[in-house]
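J.: What follows is the residue order along each chain.
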Amino acid sequence: MRLRFYKIKALFLKDFNLSLKNKNVMAMLLLPILFGVLFNYLLFDQLQDHLYILNMCQNLILATIPLSVQSSMIAEEKEKNTMRTLMLSDVSGLEFLLSKSLVSFLYILVMSTINFFLCEMNAELLPAFLGLSLLAGIAIIFFGSMVGILAKDQASASTLSTPFMLILYLPAMFATFNDIMAMIGKCMPTYALQLMFENVQNNVDFFCMDNLICLATMLFWIVAGIVLFQMAYKKNQRDN
Amino acid sequence: MNEIMKMEHVSLAFSTVKALDDLNFTVQAGEIFGFLGPSGAGKTTTMKLLSGQLRQDEGIVQVFQKNVKNNDHDLYAQIGILSDNSGLYDNLSVYENLKLFADIRHLKKANIKEVLAKLKLEGQEKKLVKKLSRGMRQRLMFATVILHKPRLLFLDEPTSALDPATSEAVHKIILDLNKEGTTIFLTTHNMEEADKLCDRVAFLHQGHIMECGNPQELKVKYANNCICIQTNQGDMIQTTKDKKELISILSKMDNEILTIHSVEPDLKTIFLNITGREL
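Top line first, the protein sequences correspond to chains A and B. The first sequence lines up with residues 1 to 240 when you count with the numbering used here. The second sequence lines up with residues 1001 to 1279 when you count with the numbering used here.
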């Protein structure tokens, strides 16, 4: 597949512009912020460690942006037949996917920064937090892209992405509640991000065993996502 | 003329259904080639094969003397495809849509100005696409596919669902593009449109080409040897082209002759004669 910078730039500007006009995307972006404000309002004084609120909101950001926003942007192109027009205008599948993913990554960075400061975390840890969030985002983005490719329109993308969102959000959120949830949570990139950021906060060596397991989990999600996305992409090509 | 497109013994089946059966035709540079047939005949499938969106089971598909590959990006850089499945960005303006496709194809802003003028879209630049009329929308679709001045243009039912006035405007655009040297592959089920625009047509029926040639030549070929005489009294007399019979009728006529002409079938009638079914 071809990758040309000028095409990615043109597509990225278009995707960013259109995402700002897409009500589904805007609603999905506002959701984590609204929850962030709500959690902080309800729990801020009751918790000594604000990491729990940060994690809850960050899980929501990672469950919505690379999944719901990404799939919604792709499904919108399918719904309006513009994806076919682009493909026939010498845009490769990879360029199409990358431009959308860059928009999602930008939103992950912006929303994660807002979440980080809402929870009044130590600003020195922001680069590490953003880097790890981006890594978790990469682990999930292929699943969001797969949902977008499989969905016929934005409504079906929203329906298809909901179970994935719950899988990513709930085990990581309740991992501390019991062993089973913790075990399931360890298989999720969202929980891997939580554990790795905790280790960063506690100045644990980055290449400790816990972190390596977390990185392996994320790598597994990336590989599995690429394989499933490619299967969906080929199936979609054949059906159309 | 150079051969720009070729299909040789091309067949394609979707599971057990044969969509195309042993297709053979060539298209010369500078031609408007009409691919005619009813819905489901295989017109769009043929176009998808020629543009690398599908792959044939058997045979050779060539464009610009090269075998067409699946998702052939070198080919997409040289052709324009306008189908009923083509889309525009409704929430972007006319100019933003054109700019996007110009940027994607690495073109200069001058190209945008040129197509805006050519397709009479000047003054509409800031208008959102969702607020355009159907005719304007179709003009913009044309503008996006001719921005890069393609040598070959695939048009899949470009006037379907358009009103007569807008269809007329689209026909003018097609003829103008052809005059400038663009080869056009046009699929349509509108026989009048094909008759008006095409240098050559092929009749497709159940995935098989039944007839191929110049519309005028086909009309002569399938003419039913009939002469029609109209008198100034309004009488219509039909006879054969047999010289003796014609002279005999003319000599017996008391009224003055208003018109006398051969009766040639239109493409619709020819299609009906060949396939036994209407469009």
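Hints should not be assumed to be uniformly reliable.
Just some of the chain B residues that point at chain A, by a computed CB distance under 7 Å [unchecked claim]: (1) Tyr1089; (2) Ile1104; (3) Gly1123.
None of these hints come from the bench; they were simulated from the model. In this text, a Cβ means the ideal position worked out from N, Cα and C, and glycines have one as well.
J.: Next step is simple, just say for each hint if it's right about the structure.
T.: Hints and how they fare:
Taking 7 Å as the C-beta contact cut-off toward chain A, the hint placing B:Tyr1089 at the interface holds, the least distance being around 6 Å. The restraint placing B:Ile1104 at the interface with chain A holds, with a minimum CB-CB distance near 5 Å, inside the 7 Å limit. At its closest, the beta carbon of B:Gly1123 sits 23 Å from a beta carbon of chain A; the interface hint therefore is violated under the 7 Å criterion.
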